[in-house]
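**Student:** The lines below spell out each chain.
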Amino acid sequence: MHRKLGQIKAVQGHAGDTARMDTSPDTSPPHSGPAASPPGDLAIWFFILAELLAFGVFFGAYAFGRAHNVELFNEMQQTLDRQAGAFNTVLLITGSWCVARAVEAVGRSRSATGARWLLAGIACGGGFLVVKGFEYADKFGAGINLSTNTFYMFYLSLTFFHFMHVILGMVILVVLWVKTRQGAYGPADMNSIESGAAYWHMVDLVWIVLFPLVYVMR
Amino acid sequence: MNTRQLNIAWVILILATLATFAIGEIGDSLGIAGPLAMASLLVISFIKGRLVALDFMGLRGVKFFWRGLLLGWLLLVSSLIAIAYWIALK
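Sequence lines, in order, name chains A and B.
Count along the first sequence from 1, add 1321, and you get the number used in the numbering used here.
Count along the second sequence from 1, add 8, and you get the number used in the numbering used here.
Don't read these hints as lab results, they were simulated from the structure.
Here a beta-carbon is modelled for each residue, glycine too, at the ideal position from N, C-alpha and C.
One or more of the hints may lead you astray.
Derived coverage of chain B by chain A (criterion: at least 3 residues anywhere in the stretch with Cβ under 8 Å from a Cβ of chain A; other residues may be distant) [claimed, not checked]: (1) 16-22; (2) 31-38; (3) 41-49; (4) 53-66.
Listed next, the stretches of chain A that the computed footprint assigns to chain B, with coverage defined by at least 3 CB atoms under 8 Å from CB atoms of chain B [said to hold, decoys possible]: (5) 1379-1386; (6) 1418-1428; (7) 1480-1488; (8) 1525-1537.
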C-alpha cells in the first residue's frame, strides 16, 4: 500500500515537472525539468553575450546614423548587391544547420557523420567568405573606402567586423572537425563541440539582423 | 534536439530569408513599403533569430533565463532599429 502511494506521488511529481517545461521538446525525458545551463561551456556563453552586446551597439549606431542621413543611406543601399547578401544569408543559415546536425550526430556516437556535417558547415562558411570577398572587391574596385561617406563607413566596418567573426568561427569548426574525425567527442564529452557550435550559431544570429537592416530596410 | 526539428527549423529559416529578399525586391509593388516593410522585416528577423537560439543553439529545453537573454537581445535590437526608423520618418 505504502509502495503504491509512493509510486502515485512519484508520477504526480513527474507530471508537475512536465507542466513546468512550457516549451520543452517532446524528446526530453519526462522526469527532467529545464536544464540549468545552456549546451557547452558556460564561459563561451558569456563570450557570446559580450559579442552580441558589441553587435547590438553597432546596429543601434547604424540605425541612428541612418536616422540623420536617410536620403544618403537609402541611395547608397541601392548600390549594394542584395542578391549576394541574400545568398550569404542562405549560406550562413545552412552552415548553422549543418553544425547543429553535427552536434546531434556526435551526441548519438556517430563521429564520422558528425565530421561530414562539420565539413559541410565549413564549406558554407568558406562560401560566405568568397561571396563577401567579391562584394568587397567590387566596392574597393569602384574606389569606395571607409571615408567615402557615412553609409559606407558603417557598411564596411560593420560587415568586416562580422567577416572576422566568420573567420574565427571557421577556425573553431576546423579544429572541431579534426577532433571529431579522431573520435574525440561523444555523448559523454560534448562540451567542446557544443561550445564551438554555439559560437558559430551566434555568427549566424548576428547576420540574421544585419542583412535586413543594412541591405533591405529603407 | 532531433534531426526532424533541426530540418524543419532550416526550411523555415530559408523560407523566411526568401521573404526578406522578396520585400527588398518587390515589396513596393506588393504594397509592403515604408514602416510596414520595416515592421515585417523586424518580425521575420525575430522569428529567424528565435529559431536559431532555440533549435540550433539548443536553448529550447534550458531555463528561461538563458532563452530570455538571447530573445531579449533580439527584442532590444529590434526596438532600437524601430525607434531610429520612426525618428527618421519625422
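**Student:** Does each hint hold? Answer for all of them.
**Tutor:** Hints, one by one, checked against the model:
Interface restraint, the region 16-22 of chain B with chain A: holds (4 residues with C-beta to C-beta distance below 8 Å; minimum three). Taking a C-beta to C-beta cut-off of 8 Å, the region 31-38 of chain B contributes 3 residues in contact with chain A, enough for the three needed, and the coverage statement holds. Evaluation of the coverage hint for the region 41-49 of chain B: fulfilled, as 3 residues show C-beta separations to chain A shorter than 8 Å, against a requirement of three. Here's how the region 53-66 of chain B fares: 10 of its residues keep a CB closer than 8 Å to some CB of chain A, so the rule of at least three is met and the hint holds.
Look at the region 1379-1386 of chain A against chain B: 4 of its residues bring a Cβ nearer than 8 Å to a Cβ of that chain, three or more, so the hint holds. For the region 1418-1428 of chain A, the assignment as covered by chain B holds, since 6 residues bring a beta-carbon within under 8 Å of that chain's beta-carbons and 3 suffice. Under the rule that three or more residues need a Cβ within less than 8 Å of chain B, the assignment of the region 1480-1488 of chain A is violated, with 0 such residues. A stretch counts as covered by a chain when three or more of its residues have a beta carbon under 8 Å from one of that chain; for the region 1525-1537 of chain A and chain B the count is 9, and the coverage holds.
The structure fails hint 7 only (numbered hints given earlier).
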